[in-house]
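Could you slot chain B onto chain L? The hints should help.
There are 2 protein chains.
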Amino acid sequence: MTELYLEDFLIGRTFGSDQLTMTEADIIRFAEEFDPQPFHLDPDAAKATFFRGLAASGWHTAAMTMRLLVTGDFRPAGGVIGSGFDALSWPRPVRPGDTLRVESEVLEARQSRSRPEQGIIKVRGTTFNQHDEAVQVFVGNLIVLARPVGG
Amino acid sequence: MTELYLEDFLIGRTFGSDQLTMTEADIIRFAEEFDPQPFHLDPDAAKATFFRGLAASGWHTAAMTMRLLVTGDFRPAGGVIGSGFDALSWPRPVRPGDTLRVESEVLEARQSRSRPEQGIIKVRGTTFNQHDEAVQVFVGNLIVLARPVGG
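These protein sequence lines are chains L and B, in that order. Residue 815 is where the first sequence starts when you use my numbering, and the numbers rise one by one after that. Residue 815 is where the second sequence starts when you use my numbering, and the numbers rise one by one after that.
If we strip away everything but chain L, and leave its shape as in the complex, we get (with noise of 0.2 Å):
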């Protein structure tokens, strides 16, 4: 997989990403640790709530978003590492059993002034369920190296 600098990321490329399942066995785990709500822990009690029924905390959607992200197509040369984040929704809960995807798309590209050896790249990320719905949808800022002179 080769990595990616400033320059490789065109406004308008797109990435995919592998798939991934969540278990009830996961989402009741990661709650548990960090989002004990019972629509997140229980699925008796979770028929009574907001979302009718267990679903993943949005926050564990996130960090699989973030798995999907760092091991699928997009590589910047350094990591991925976010400055901050314009937009983070989740049209759509998920529920025991949806796989996973993302695709991401670049926004914008700009090299910094004060640090020519890096850049900002403006990325949308949409996370799908396997019935092609959004249930994650984020717009962020990442930090990105320049290709390096000579490289």
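In case anyone wonders, no lab produced these hints; they're calculated from the structure. All figures in this text were calculated on a predicted structure; none of them were measured in a lab. There's no promise every hint is true.
Because identical chains share one entry, a pair is satisfied inside a single copy or across any pair of copies.
[Said to hold, decoys possible] Listed below are the simulated SDA-like cross-link pairs for lysine to any residue, each with C-alpha atoms no more than 20 Å apart in a straight line: (1) Lys936 with Gly867; (2) Lys861 with Pro890; (3) Lys861 with Gly892; (4) Lys936 with Ala860; (5) Lys936 with Ala923; (6) Lys861 with Gly886; (7) Lys861 with Gly893; (8) Lys936 with Val951; (9) Lys936 with Ala862; (10) Lys936 with Val953; (11) Lys861 with Glu931; (12) Lys861 with Val963; (13) Lys936 with Ala901.
Positioned in the frame of chain L, the structure of chain B alone reads:
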């Protein structure tokens, strides 16, 4: 702990949390599952990276923040249900041994026109380390229940 309704989220009201310490083992375990990059996995390899030492995945900080939030003073009836974020950033890395806490502040609150039994509040959540330095800031929109009629 009293559960809070839309009417209780007065603009400017603030909420605190307990504290949690993030260990090196926690940082590496989370990274192995969700964000397998050298600067989150290996204290030695991390020295030569952007972070100049082991740092927690931002998504780990976000997940720990969620735990602090849902176990803290901020207790909407119906749970903490995020509908989307206007901003999320990690101004400083979280290092092994850092102790985190969260402060949240209500920025806006409005009842839903189409579903008057609920509303949306906009909250700024700031996660601080033991030096009172911000390590994460979000501005998020949460769905909360209005107080039931006669309740």
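Tested hints:
no.	hint	in the structure
1	Lys936 with Gly867	neither (35 Å within a copy, 25 Å between copies)
2	Lys861 with Pro890	between (42 Å within a copy, 18 Å between copies)
3	Lys861 with Gly892	between (44 Å within a copy, 12 Å between copies)
4	Lys936 with Ala860	neither (36 Å within a copy, 25 Å between copies)
5	Lys936 with Ala923	within (6 Å within a copy, 30 Å between copies)
6	Lys861 with Gly886	neither (35 Å within a copy, 24 Å between copies)
7	Lys861 with Gly893	between (40 Å within a copy, 14 Å between copies)
8	Lys936 with Val951	both (13 Å within a copy, 19 Å between copies)
9	Lys936 with Ala862	neither (39 Å within a copy, 25 Å between copies)
10	Lys936 with Val953	both (7 Å within a copy, 19 Å between copies)
11	Lys861 with Glu931	between (52 Å within a copy, 19 Å between copies)
12	Lys861 with Val963	neither (58 Å within a copy, 23 Å between copies)
13	Lys936 with Ala901	both (11 Å within a copy, 14 Å between copies)
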